[in-house]
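Numbered as in the UniProt record's numbering, the sequence shown ends at 361 without a single skipped number.
Take these hints with a grain of salt, some might be off.
Claimed, not checked - Derived DSS-like pairs: lysine-lysine, alpha-carbon spacing no greater than 27 angstroms straight-line:
#, residue 1, residue 2
1, Lys174, Lys325
2, Lys222, Lys170
3, Lys143, Lys130
4, Lys130, Lys186
5, Lys325, Lys159
6, Lys238, Lys199
7, Lys38, Lys8
8, Lys30, Lys41
9, Lys288, Lys268
10, Lys54, Lys28
11, Lys174, Lys212
12, Lys268, Lys238
13, Lys238, Lys288
14, Lys259, Lys143
15, Lys130, Lys170
16, Lys30, Lys122
17, Lys158, Lys174
18, Lys248, Lys186
19, Lys41, Lys28
20, Lys259, Lys174
21, Lys122, Lys41
22, Lys199, Lys182
23, Lys327, Lys110
24, Lys174, Lys186
25, Lys211, Lys222
26, Lys181, Lys110
27, Lys212, Lys122
The set of hints was computed from the structure by calculation and includes no laboratory data.
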Amino acid sequence: MNILILYKDNENKNIIKDSNNNNLYFFKQKEYSYKKIKNLKNEKDIQIILYIGKNNFLLNIYSSFLNIPVVYTENSKNTEDIEVLLQNKLAYKDRKDLPVLMYHRVIDDKNEIGFYDTYVTKENFEMQMKYLSENSYTSITFKDIQNGEYKRRFDKDKKYVIITFDDGYKDNLKNALPILKKYNMKMVLFLITSETYNKWDTDVENREKEKKFNLMTREEVKELIASDLVEIGGHTTKHLDMPNVDLKTIEEDLNISNKIIEEITGYKPISFAYPWGRSTKESRDIVKKVGYKFAVSTEDGPACFSDDLFEIVRVGIYSDDDIEKFKLRISGKYPFIREKRNEMKAFRNKIRKFFGIKIKQ
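Take these sequences, add in the hints, and give me the full structure.
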């Protein structure tokens, strides 16, 4: 990020370290002016201002005219929290953030179409990966950003995307991997470790309409990993519905899952996907406790990537997504559009409730 820091004295001038992630520029609070900030914005493309002190009325006016967001802090010690504040402010200002895509299956035969829309065709998947490649997107994994490199998602010359798959179906190896190789795209696979097919969809009440789809064997997962394009993350052993399972069982399950993943990959997984995207605060705490650094939901969660690294929202890619829908979903704006839509829905429901009108679900 290109950050202008308005500091009081030299002691709090070094509130954020200058690094590959940040380009820092400084004015003393007694010396800055509208003209100086405007000139610096034009010369250095300033993205955000950090003011060390209380809310400043005049600076807020400058911020509005120059369209540069301001973050205020009186705490010059907790650098990590301040950097997160800056990232979030910039993301919400631009209403854009790092897109995290969610896939399940990539099919090449109509007989592989299931009851639930958790697939894309091989043709569509290639079209989507080709679009990412031709439009200079860089695919990254959670291992790539585990040391805070996710902060670089606001680099002016970069467009990042995280491509994720859930469960570990055989078609991920057969159909998805060759396309990923062709366009040099990485993926994160959240692996169910102790099932051979999608038992959670087929062998439970009210979900019997789904077909059985086989999951990869350990050897097939190793073949996937050998491509050097795949990170393996956790997804429980048997697709647990975490809000409906006691915490002891969750912790035991995650430890077993982690052990199996480490046996297959040679490393401890750092990323996790909640089955069905469902979790509670207590279950999220256990995910942290067993060693994960990131956790993703399905399509529910805060719009900004770094609001909560254990509730990262994903954008689902589905069978009827044409290229125009795909462009919207990878724009980084989709979670913000959905968030605004949900706010409007909640507002309309309040009005309906006030007038005694039946609330639409």
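Each hint, compared with the structure:
1. Lys174 with Lys325: With a Cα-Cα distance of about 25 angstroms, the restraint between lysine 174 and lysine 325 holds, given a limit of 27 angstroms.
2. Lys222 with Lys170: Given that 27 angstroms is the threshold and the Cα spacing comes to 12 angstroms, the pair holds.
3. Lys143 with Lys130: Holds - the C-alpha atoms of lysine 130 and lysine 143 are around 24 angstroms apart, at most 27 angstroms.
4. Lys130 with Lys186: Given pair lysine 130, lysine 186 holds - Cα atoms ~13 angstroms apart, limit 27 angstroms.
5. Lys325 with Lys159: Holds, at roughly 18 angstroms.
6. Lys238 with Lys199: holds (8 angstroms)
7. Lys38 with Lys8: holds (20 angstroms)
8. Lys30 with Lys41: Measuring from Cα to Cα gives roughly 19 angstroms; hence the hint holds.
9. Lys288 with Lys268: holds (13 angstroms)
10. Lys54 with Lys28: holds (15 angstroms)
11. Lys174 with Lys212: Holds, at roughly 17 angstroms.
12. Lys268 with Lys238: Holds, because 19 angstroms separates the two Cα atoms, which is no more than 27 angstroms.
13. Lys238 with Lys288: Distance of about 19 angstroms is within 27 angstroms: holds.
14. Lys259 with Lys143: Within the cut-off at roughly 18 angstroms; holds.
15. Lys130 with Lys170: Holds, because 22 angstroms separates the two Cα atoms, which is no more than 27 angstroms.
16. Lys30 with Lys122: violated (60 angstroms)
17. Lys158 with Lys174: violated (30 angstroms)
18. Lys248 with Lys186: violated (34 angstroms)
19. Lys41 with Lys28: The given pair, whose Cα atoms are some 16 angstroms apart, holds under the 27 angstroms limit.
20. Lys259 with Lys174: Since the Cα atoms of lysine 259 and lysine 174 sit roughly 26 angstroms apart, the hinted pair holds (cutoff 27 angstroms).
21. Lys122 with Lys41: The given pair, whose Cα atoms are some 45 angstroms apart, is violated under the 27 angstroms limit.
22. Lys199 with Lys182: violated (32 angstroms)
23. Lys327 with Lys110: holds (25 angstroms)
24. Lys174 with Lys186: Holds, at about 16 angstroms.
25. Lys211 with Lys222: holds (26 angstroms)
26. Lys181 with Lys110: holds (24 angstroms)
27. Lys212 with Lys122: holds (19 angstroms)
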